[in-house]
Amino acid sequence: MMGKGKSGDASRAGFEMNEAGWPIKLISTDFDGTMFAEFENPPVPRELQVLIGDLQARGAKWVINTGRDLSSLLEALGRSAIDIQPDYLVLVEREIHLHRHSNYVPHERWNSACERAHATLFKRVRQDLPELVDRINSRFHAVIYEDAYSPLCVIAGSNGDMDQIHNFLQGYCRTVPRLAVVRNDVYARFCHVDYNKGTALAELARELNLAPASVFAIGDHLNDIPMLSPQYAGLIAAPENAVAAVKAAVLAAGGYVSTRAHGRGVAEAIKYYLERGRGRG
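Counting from 3, one number per residue, gives the positions in the sequence shown under our numbering.
It should be emphasised that the hints constitute simulated quantities derived from the structure, not laboratory data.
Even glycine gets a Cβ: it sits at the ideal position worked out from N, Cα and C.
Careful: at least some of the hints might be erroneous.
What follows is a list of derived Cβ distance ranges for each label pair [claimed, not checked]: (1) Arg180 <-> Cys155: 16 to 24 Å; (2) Arg81 <-> Val145: 22 to 30 Å; (3) Gly256 <-> Pro179: 25 to 33 Å; (4) Ala246 <-> Tyr189: 17 to 25 Å.
Kindly produce the complete structure, drawing on both the sequences and the hints.
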């Protein structure tokens with residue numbers, strides 16, 4: 003059963019700061035490949051759990067910002083047996099869910115607007131789907147399907163193929179106002195440009211009355227880039243295993259690239275910003 007971490011562990015590690023001087027008020031972590039590595043034991047390092055739990059005990063909020071849907075994420079969290087619990091979830095890169103009474107409930111206003119915007123946009127896209135599918139199938143070995151979140155989802159046979167498919171879909175998106183394509187590794191799907199990991203994070207920060215300067219965000223792949231922007235988070239980072247484009251975006255924005263991978267890299271980045279905040283305190 004997940005619960006709050008014990009306060010004071012990070013302080014014993016050398017972070018002696020009062021709540022007013024604590025630099026991180028909202029923590030946004032991508033899940034797969036960033037804080038979670040299924041092949042490691044434990045998949046979410048204990049060190050990271052302690053840091054996030056201590057920040058939560060000091061009033062910070064934690065959101066897992068992922069491309070997974072609710073059932074998939076909760077199943078993975080259950081298998082991880084972690085003892086901290088997210089305050090919020092951003093699912094399929096756009097839907098916000100709030101922790102209420104041991105459950106995660108939809109953010110009705112945001113999610114309803116998101117659903118309407120996507121329905122209107124995808125109605126326009128459907129007329130072009132046969133041609134798009136034929137173009138992809140004629141050149142690549144890929145799995146193409148529709149799900150509840152996009153009328154066109156693609157799983158390419160390799161990252162090289164997905165690079166080309168991604169470029170093709172981006173070109174198509176330029177012909178349809180507000181349409182974008184979101185990609186993670188060999189997976190891609192359509193989305194509305196106004197709803198992504200960054201805009202969902204901004205909505206949470208707005209409701210918490212937080213400026214970007216106190217928002218920490220970390221991710222490893224292309225679908226994380228929208229939240230790895232000073233527009234949404236003043237404290238941005240990438241783990242060592244992040245793809246080159248993510249590392250470049252983080253460094254260009256003055257962020258931090260960890261020397262360690264996955265959850266240990268997340269812990270290192272949090273410590274970096276806590277140390278920097280302590281130096282300014």
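Exercise. Using the beta carbons of Gly256 and Pro179, state whether their distance is inside 25 to 33 Å or not.
Key: holds, 32 Å
Quiz item: Could one say that the CB atoms of Arg180 and Cys155 fall in the range 16 to 24 Å?
Solution: holds, 19 Å
Quiz item: Is 22 to 30 Å a correct range for the gap between the Cβ atoms of Arg81 and Val145?
Solution: holds, 25 Å
Exercise. For the range 17 to 25 Å, tell me whether the beta carbons of Ala246 and Tyr189 fit it or not.
Key: holds, 18 Å
In this structure, none of the earlier numbered hints is contradicted; all agree with it.
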